[in-house]
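Chemist: Chain by chain, the residues:
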Amino acid sequence: MPFFKMSPLVLKNAASGPATRRYPEQVRGDLPRTRGRIELRLESCTFCGLCQKRCPTGAIALDRQERVFTLDRFKCILCGACQDACFAQKCLFLAPHYAAPTRTRQVETWKQAAPPPPRAGLAGREPGRNPGPPSEGAN
Amino acid sequence: MGTRTVVPFGPQHPVLPEPIHLDLVLEDEKVVEAIPSIGFVHRGLEKLAEKKEFGEMVYVAERICGICSFIHSAAYCQAVEGLMKVEVPPRAQYLRVAWAEMSRVHSHLLWLGLFADSFGFESLFMHSWRLRERLLDVVEATTGGRVIFGSCKVGGVRRDVDAETGRRALQTLAVLEAECREITGVFEKDSTVRRRTVGVGLLSGKDAWSLGAVGPTLRASGVSSDSRSLGGSAYGALDWQPVVETAGDCHARAMVRARELYQSFSLIRQALEKMPAGPVETRVSGSPSGECIVRLEQPRGEVIHYVKGNGTRHLERYRVRTPTFANVPALVHMLAGYQLVDVPVIVLSIDPCISCTER
Numbered sequence: 001m002p003f004f005k006m007s008p009l010v011l012k013n014a015a016s017g018p019a020t021r022r023y024p025e026q027v028r029g030d031l032p033r034t035r036g037r038i039e040l041r042l043e044s045c046t047f048c049g050l051c052q053k054r055c056p057t058g059a060i061a062l063d064r065q066e067r068v069f070t071l072d073r074f075k076c077i078l079c080g081a082c083q084d085a086c087f088a089q090k091c092l093f094l095a096p097h098y099a100a101p102t103r104t105r106q107v108e109t110w111k112q113a114a115p116p117p118p119r120a121g122l123a124g125r126e127p128g129r130n131p132g133p134p135s136e137g138a139n
Numbered sequence: 001m002g003t004r005t006v007v008p009f010g011p012q013h014p015v016l017p018e019p020i021h022l023d024l025v026l027e028d029e030k031v032v033e034a035i036p037s038i039g040f041v042h043r044g045l046e047k048l049a050e051k052k053e054f055g056e057m058v059y060v061a062e063r064i065c066g067i068c069s070f071i072h073s074a075a076y077c078q079a080v081e082g083l084m085k086v087e088v089p090p091r092a093q094y095l096r097v098a099w100a101e102m103s104r105v106h107s108h109l110l111w112l113g114l115f116a117d118s119f120g121f122e123s124l125f126m127h128s129w130r131l132r133e134r135l136l137d138v139v140e141a142t143t144g145g146r147v148i149f150g151s152c153k154v155g156g157v158r159r160d161v162d163a164e165t166g167r168r169a170l171q172t173l174a175v176l177e178a179e180c181r182e183i184t185g186v187f188e189k190d191s192t193v194r195r196r197t198v199g200v201g202l203l204s205g206k207d208a209w210s211l212g213a214v215g216p217t218l219r220a221s222g223v224s225s226d227s228r229s230l231g232g233s234a235y236g237a238l239d240w241q242p243v244v245e246t247a248g249d250c251h252a253r254a255m256v257r258a259r260e261l262y263q264s265f266s267l268i269r270q271a272l273e274k275m276p277a278g279p280v281e282t283r284v285s286g287s288p289s290g291e292c293i294v295r296l297e298q299p300r301g302e303v304i305h306y307v308k309g310n311g312t313r314h315l316e317r318y319r320v321r322t323p324t325f326a327n328v329p330a331l332v333h334m335l336a337g338y339q340l341v342d343v344p345v346i347v348l349s350i351d352p353c354i355s356c357t358e359r
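Chains A and B are the protein sequences, given in the same order. Numbering-wise (our numbering), the first sequence opens with residue 1 and increments by one. Numbering-wise (our numbering), the second sequence opens with residue 1 and increments by one.
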């Protein structure tokens, strides 16, 4: 009967309640792969600069002398290019939760107190060899 | 002959998701002629190819459109791979098919909702989008993004789908497919929908072909044309047939898209099940030179990506011919002779995507 095609859907919907969640009481939870926001493990960063080079929008700025890492969250498009570039120390990664909404431009700055110990995070490399940070021109 | 009135339609109009402007020449309530104009959201993305490295340009290509994002990036990657003579691993090709079909399902569900909205069927609109949200969760679980998949790169794909994720995705899709049947049944048989769409915006197969219509607009007029049948990616190895309807009206265009939902579900299932093991990307070295054209089937129709390299890290020319651009002449032809009240339904029936068209 063409007049009652929608009725089963409407009745089912009336019985099952709303399809939306009652946020913030009810949270969906993170999916492990979600590209939510960039996080930095500052203590293991060698300031090699590869993330800065690969960032297509120029959201990342590094100062190797002062050991300052700057991230402009409004420029970041969460493509994950920096995460792919950060292969040596894996200090830069995309966390599955989103950054909180904000009204002002969010530029986050981290200052590293001391460089990481030379062999931190280099498991699997041959002992006694310290590759150090790649030179400026390395890509 | 009655008095002619020109009514401006768009670029801001409640039924239009994106800005296109039509000058509707009316005789009483009847449309005599429609004069389209575009150019409200031009962003100059093609020119950007001369400044961005060819590998970074994938991110730009993906952002040409927020709905058919993945297929734009896949087409761009295939074009650059053609220039650089890169062989994409089979697993990556199957993953590209699975993700392209997921983007087709999400685009068609979105469109079915907007189409229902164009004739004021708000609850059907909400039901379509409710189902689309479930699919977006599957997309997010497999790629990490909801509409910007960010998964294609020159030489393959950026992330793999492991067996467990794939199995869970297929489970969700099976439930979703059953739920889709509830709403596509309404689109097919409900008298409210049929009264507003059957016999509206008629386009004969001959007209559609000669006006250069593509995609569901062309297939709804009885022409079997689908660039997936060229066999690109892994489509050649999968079992599917283009969906064709013969009526050529708005209802037929809706039914092509509704039936394509199930075809896409089947293709996703086949792709994820038949996917061979192996690497998902090939290392690409060197710089592109030469010219390459790639044709892929987007949810809205055939998209053409043209790239020209000159041996540097930047492309010399990048050009995209989008399906909506090809469908606008057919739209103008369809509008003539119908009532003003039918204009939103007919305009929506080509699934206009103006961000794509203007780039």
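Hints should not be assumed to be uniformly reliable.
Said to hold, decoys possible - Taking lysine to aspartate or glutamate pairs in the DMTMM-like style, the calculated list, with each CA pair at most 20 Å apart, reads:
#1 K5(A) x E122(B)
#2 K75(A) x E53(B)
#3 K12(A) x E179(B)
Note that these hints are calculated values from the structure, not bench results.
Chemist: Just pull the numbers of the violated hints for me, sorted ascending.
Modeler: none
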